[in-house]
Structure formats: structure tokens, C-alpha cells
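Novice: Turn these sequences into a full structure, and let the hints guide you.
Offset between the sequence shown (1-based) and this note's numbering: plus 3.
What the hints contain is simulated information worked out from the structure, not anything from laboratory work. Where a beta carbon is used, it is the ideal one built from N, C-alpha and C, also for glycine. It is possible that part of the hints are untrue.
[What the hints assert, rightly or not] No farther apart than 20 Å at their CA atoms in a straight line, the calculated lysine to any residue pairs in the SDA-like style are these:
| id | residue 1 | residue 2 |
| --- | --- | --- |
| 1 | Lys255 | Asp233 |
| 2 | Lys355 | Leu285 |
| 3 | Lys180 | Gly214 |
| 4 | Lys180 | Asp233 |
| 5 | Lys255 | Asp273 |
| 6 | Lys107 | Ile149 |
| 7 | Lys180 | Glu144 |
| 8 | Lys255 | Lys180 |
| 9 | Lys355 | Val295 |
| 10 | Lys107 | Leu140 |
| 11 | Lys107 | Val83 |
| 12 | Lys54 | Pro79 |
| 13 | Lys180 | Leu140 |
[Said to hold, decoys possible] Derived DEER-like restraints, expressed as beta-carbon distance ranges:
| id | residue 1 | residue 2 | range |
| --- | --- | --- | --- |
| 14 | Gln349 | Pro243 | 45 to 51 Å |
| 15 | Leu44 | Glu366 | 14 to 20 Å |
| 16 | Glu29 | Gly166 | 42 to 48 Å |
| 17 | Leu341 | Glu29 | 36 to 42 Å |
| 18 | Gln349 | Thr318 | 34 to 40 Å |
| 19 | Arg87 | Thr258 | 37 to 43 Å |
| 20 | Arg254 | Leu33 | 15 to 21 Å |
| 21 | His322 | Ala115 | 38 to 44 Å |
| 22 | Arg87 | Glu29 | 36 to 42 Å |
| 23 | Leu123 | Arg167 | 44 to 50 Å |
| 24 | Gly287 | Ser356 | 22 to 28 Å |
| 25 | Thr318 | Gln371 | 48 to 54 Å |
| 26 | Leu33 | Ser53 | 18 to 24 Å |
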Amino acid sequence: MPPCRSASAELRDRSNIAMPIDACIERLLLANCEDGADMPLPRFDAATASKLVDRIDGIRLFAHSFSFYLNLTHGPFQIVDIFRFAIEQGLAGVSINIDIGGAKGLSQMSDADVDALRSLAERFDLEIALEMSRTELASFERMRRIAGRLGARHIRLRSGYLGRVGDILDNSIADLKRIAAEAERHDLQINFEQHEALKSDEMVDIVAAVGNPRVQLLFDFGNMINCGEDPVAALRLQAPYVRMAHLKGVRKVWTDEGCGQLGVAEGEDDLPQARLMFELLLLGEDAPQVPVFILEKVVGYASPPMRRPDDGPDTVVEHRAPSTLELSPAWRVDENLLLERQQSSQQVQYVKSMMATLRLLAEAKSQQPFF
Numbered sequence: 004m005p006p007c008r009s010a011s012a013e014l015r016d017r018s019n020i021a022m023p024i025d026a027c028i029e030r031l032l033l034a035n036c037e038d039g040a041d042m043p044l045p046r047f048d049a050a051t052a053s054k055l056v057d058r059i060d061g062i063r064l065f066a067h068s069f070s071f072y073l074n075l076t077h078g079p080f081q082i083v084d085i086f087r088f089a090i091e092q093g094l095a096g097v098s099i100n101i102d103i104g105g106a107k108g109l110s111q112m113s114d115a116d117v118d119a120l121r122s123l124a125e126r127f128d129l130e131i132a133l134e135m136s137r138t139e140l141a142s143f144e145r146m147r148r149i150a151g152r153l154g155a156r157h158i159r160l161r162s163g164y165l166g167r168v169g170d171i172l173d174n175s176i177a178d179l180k181r182i183a184a185e186a187e188r189h190d191l192q193i194n195f196e197q198h199e200a201l202k203s204d205e206m207v208d209i210v211a212a213v214g215n216p217r218v219q220l221l222f223d224f225g226n227m228i229n230c231g232e233d234p235v236a237a238l239r240l241q242a243p244y245v246r247m248a249h250l251k252g253v254r255k256v257w258t259d260e261g262c263g264q265l266g267v268a269e270g271e272d273d274l275p276q277a278r279l280m281f282e283l284l285l286l287g288e289d290a291p292q293v294p295v296f297i298l299e300k301v302v303g304y305a306s307p308p309m310r311r312p313d314d315g316p317d318t319v320v321e322h323r324a325p326s327t328l329e330l331s332p333a334w335r336v337d338e339n340l341l342l343e344r345q346q347s348s349q350q351v352q353y354v355k356s357m358m359a360t361l362r363l364l365a366e367a368k369s370q371q372p373f374f
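Specialist: What follows is the structure in C-alpha cells.
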């Protein structure tokens, strides 16, 4: 998203800044809002602006393994290259799904190779978070051992269950209660992600039923779309429990079955990027509730609708066509892989630019003499 055009010009004229800054921030925060446009914006006075500046200055951006899915699947790219990318881009950490990459994946690496990753991360002060797409305890035990070896404390999980919604909730709650007990023993934090099949109120019900502060939510910028939810409305529901976020660009793809998603570059998407970031950054009174934002580039990723508009509250969530991310036949394999790496770099630039724009406006607002 390009910076709001009037911001820099107005900053040069501090005597006439109040209305242009307010109008500029409003235009920025309402971009790509639909139902969310009817929800009042958070109060943006000088105190809020000062808080936003502090939060932006302390933000921790992580690289995500899915951003390099094609490279890990079809090229010589290794998990260590994600660490190198994060270091070169000046990011604070990495979030690695232990199964991405097949035989090259983190779950298949030798202890010596895992130890080498930890050593590299420690030398460059890089944080490590891990991800897994299941909630069964046996799978978690494998994840826990890898986390211990890497020194990772944050683990993202999602439900892989299908069937009646009530059964999915019951199974997820039971799994997460068992995992929470293990997290207590091993000083781990569990971040449960909405992953296309469950709605936001159902996610909140699961975490509330688990009732353990070590189990919170990871807010994904686009996954609520497959349930027919509005992103801003979804965030408002999940907000009390959100601890991390996945940043991505997504377009809505409507069919007779509901709404699916197609991954695109940020700035070409349907998501209210600035609004979601703004509201997430302001969560937490004395300290940031959401200090970590994970950059998950998903360009070309396609996933089908999971909930139909006329589904009841205890509908059956059925297996749909699998989500896909394929090589483009219009490009050679090496060109596909180069493009993916370029897009990952561009995502970092986009997010940093958006942060700079928000900070510019917030700093100007915080210095206004009247508010």
C-alpha cells in the first residue's frame, strides 16, 4: 500500500495539520473495508497516536516457511535459507512449519542440523517459532522435542478435524487441554489458528473452554474468508485472545458454495491491511498484546469455501477440494523459484512501508497541540 499522499506535505505545515492527518488516517484505515466500514474506528487522539508510535517501534516481524513453499519443494532451498533470509531482511525471527519441505523439512532433520540452526539463530539474535497443522498429543510430543532442541517457546497449531461443528469443537478442546498440560510442564506457549473451517466465535469458544492462559489465538489476515466472515468483524471477536498474527494478501473468490481465497501480493488484495494492523497493534494496555507479526506470503495459493452462507451453527464441515500452490506452467521451474523469493522480499518491503506510513501519521498526530 503506498503512503497516504497528503501525509508528507501536511507534515511540512505543522500549523495546519489537524484535519488533513485525521482525514488521511481515516482513508488509510477504511481501505478495502466492507462490513468493517460500519464498525467505528478506534479513537485516534494524541495519546493513541503516541501509543501507536511506541508499538510500531517495538514490532517484531518474522519470516514464514510457507513463503518459500515452492523453493523447498522443487529446488535446492533449505530450511537454513529461511533463517538467512530473515537475517538479511532485518527481521526478528522465523516461524517454521515442521512438515513443510518433505524430506528437507525440520521434522526430518538430524539433531546435528537442528543444533546448527539454533546456533545460527543465537549468533544473529533470531527468535524461532514453530508450527504444526494438527492438535493430536502424539504429534505435539514430536513438536515439543524439536522445540526444546531449538529453544523455541511459541508453537502454532490448527485443527485438522472435519465433520459436525460441535464434534470439531469438542475434539479440539480435548486435544488442547492435553497439550496445555504439556505446555505447562515445558514452558511453552500455544497459538491456535483459525484455519478456514471454523468461525471466529467458535475459535473463541474453544480457547475459553480450554481455560489455560498458555493457549491463545493466532489471528490470520485471510482465513476467516473461507467461512464467509468479514476480516474486521473476525478480529473484533478474536481480539481478547490474539497473541500473534499471520500477514498475507488474499482476494475473495465467490462460488455457489461460498467464498474461497486466492493468495496475491499485498496491495493487490481485498483485505483491509492497514485497519487490521492498526487494531492489532493497539491491543494491550500497558504492553503490546500482539508483539509478533509473521509474514506469510501466499501468492498463488488457492483454497475453497469451507462454510456456505446458509449453513446452520452445527453444520457438517466436509472435505473439499484440497488447497493448492503450484508452479506456473508459463515459467521455467527456476524462474518460478526466483519469483517466489522476489515476492517474499517484496512482502517485507510492503509491510515495512505500511508501518512507516502509520508511524508518520501517528507521530504527527501525537505532536498536535490540540486534540
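Novice: Next step is simple, just say for each hint if it's right about the structure.
Specialist: Hints and how they fare:
1. Lys255 to Asp233: Holds - the C-alpha atoms of Asp233 and Lys255 are around 11 Å apart, at most 20 Å.
2. Lys355 to Leu285: holds, 17 Å
3. Lys180 to Gly214: Distance of about 8 Å is within 20 Å: holds.
4. Lys180 to Asp233: Violated. Lys180 to Asp233 sits at ~29 Å, over the 20 Å cutoff.
5. Lys255 to Asp273: Since the Cα atoms of Lys255 and Asp273 sit roughly 7 Å apart, the hinted pair holds (cutoff 20 Å).
6. Lys107 to Ile149: Answer holds: Lys107 to Ile149 is near 15 Å, not above 20 Å.
7. Lys180 to Glu144: holds, 14 Å
8. Lys255 to Lys180: violated, 34 Å
9. Lys355 to Val295: holds, 14 Å
10. Lys107 to Leu140: The hint is violated at about 24 Å.
11. Lys107 to Val83: holds, 10 Å
12. Lys54 to Pro79: Roughly 44 Å separates the two Cα atoms, so the pair is violated.
13. Lys180 to Leu140: holds, 10 Å
14. Gln349 to Pro243: 45 to 51 Å: violated, 33 Å
15. Leu44 to Glu366: 14 to 20 Å: holds, 18 Å
16. Glu29 to Gly166: 42 to 48 Å: holds, 44 Å
17. Leu341 to Glu29: 36 to 42 Å: This hint holds: roughly 39 Å between Cβ atoms.
18. Gln349 to Thr318: 34 to 40 Å: holds, 38 Å
19. Arg87 to Thr258: 37 to 43 Å: holds, 40 Å
20. Arg254 to Leu33: 15 to 21 Å: holds, 19 Å
21. His322 to Ala115: 38 to 44 Å: holds, 39 Å
22. Arg87 to Glu29: 36 to 42 Å: holds, 40 Å
23. Leu123 to Arg167: 44 to 50 Å: holds, 45 Å
24. Gly287 to Ser356: 22 to 28 Å: holds, 24 Å
25. Thr318 to Gln371: 48 to 54 Å: Given range 48 to 54 Å: holds, Cβ gap about 50 Å.
26. Leu33 to Ser53: 18 to 24 Å: About 22 Å separates the Cβ atoms of Leu33 and Ser53, which means 18 to 24 Å holds.
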